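J.: Hey, can you work out the whole structure from these sequences and the hints?
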Amino acid sequence: GDSVTQMEGPVTLSEEACLTINCTYTATGYPSLFWYVQYPGEGLQLLLKATKADDKGSNKGFEATYRKETTSFHLEKGSVQVSDSAVYFCALTGNQFYFGTGTSLTVIP
Amino acid sequence: DTGVSQDPRHKITKRGQNVTFRCDPISEHNRLYWYRQTLGQGPEFLTYFQNEAQLEKSRLLSDRFSAERPKGSFSTLEIQRTEQGDSAMYLCASSLGANGELFFGEGSRLTVL
Chain A
1 GDSVTQMEGP
11 VTLSEEACLT
21 INCTYTATGY
31 PSLFWYVQYP
41 GEGLQLLLKA
51 TKADDKGSNK
61 GFEATYRKET
71 TSFHLEKGSV
81 QVSDSAVYFC
91 ALTGNQFYFG
101 TGTSLTVIP
Chain B
1 DTGVSQDPRH
11 KITKRGQNVT
21 FRCDPISEHN
31 RLYWYRQTLG
41 QGPEFLTYFQ
51 NEAQLEKSRL
61 LSDRFSAERP
71 KGSFSTLEIQ
81 RTEQGDSAMY
91 LCASSLGANG
101 ELFFGEGSRL
111 TVL
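If you read the protein sequences in the order shown, they are chains A and B.
At position 51 of the first sequence the residue is numbered 51 (this note's numbering), and the sequence of numbers has no breaks.
At position 43 of the second sequence the residue is numbered 43 (this note's numbering), and the sequence of numbers has no breaks.
Since the hints were made in silico from the structure, they are not lab data.
From a predicted model like this one, the values you see are computed outputs, not experimental measurements.
Backbone N, C-alpha and C define an ideal beta-carbon position, used for all residues, glycine too.
Incorrect hints may have been included.
[To be verified] Keeping only pairs whose Cα atoms sit at most 20 angstroms apart, straight-line, the calculated EDC-like set for lysine to aspartate or glutamate is:
1. Lys11/B / Glu42/A
2. Lys56/A / Glu101/B
3. Lys60/A / Glu68/B
[Stated by the list, open to error] Here's a subset of chain B near chain A, in silico, CB distances under 7 angstroms, partners left out:
4. Gly42
5. Pro43
6. Phe45
T.: So, in structure tokens, the structure goes:
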């Protein structure tokens, strides 16, 4: 069945460091791929999405490229800020939305 | 549009009691999802509706759980004879179509004593 596997956390980075959170997927058909973010004490919200192969989603300095050949959708940011501290979830649409287990990111000043 | 709203935000109940949560989706969204989330885990799929039809229900979902969306608008999730293991955040989300972005509510936190 459809599923998402994302890198285990937690991840701790210093401010201005580079971030990569790995996400790979298994799916039949042509799913859309998403990254959701959950800030402390808040609900999940969409960070970015890509609807077809080779699409790049971007938002708030974060980027992810839909790679069909490697079935991946890795999240990247060149310079993280303290305000990026949150839990990040990779997700895909199949019959319904499938979420990864989440990766906690803490950015220290 | 005020987004997805859930009620109540917090519920504390004793084991064995029944609880009901309500979700009001974004008005034009035809899909409505229920998820459960526990600390340190991702959202776990429970069920979803397209309009008023319940199209899928998780195989992990006990018979004590039931959901409805009678007029294709708001939805309720009822848990009968609650157990301590039911303690979690119950999330509702809605979308426009199968591949549309999910918009989440802030969740209903259940604590079973």
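J.: Is the straight-line distance between the alpha-carbon of Lys11/B and that of Glu42/A 20 angstroms or less?
T.: Status holds; Cα separation ~17 angstroms.
J.: With a cut-off of 7 angstroms, does the beta carbon of Phe45/B approach a beta carbon of chain A closely enough for the hint to hold?
T.: This hint holds: Phe45/B lies near chain A, its Cβ roughly 6 angstroms from the closest one there, short of 7 angstroms.
J.: Checking hints one by one. Is Gly42/B an interface residue toward chain A, by the C-beta closer than 7 angstroms rule?
T.: The hint holds - Gly42/B has a Cβ within 7 angstroms of chain A, the shortest such distance being about 4 angstroms.
J.: Decide if the proposed pair is consistent with the structure: Lys60/A and Glu68/B, CA atoms, cutoff 20 angstroms inclusive.
T.: 37 angstroms, violated
J.: Hinted pair, alpha-carbon criterion (20 angstroms max): Lys56/A, Glu101/B. Please report holds or violated.
T.: Since the Cα atoms of Lys56/A and Glu101/B sit roughly 16 angstroms apart, the hinted pair holds (cutoff 20 angstroms).
J.: Tell me if the interface restraint on Pro43/B is satisfied: Cβ within less than 7 angstroms of some Cβ in chain A.
T.: 5 angstroms, holds
Checked against the numbered hints above, the structure violates only hint 3.
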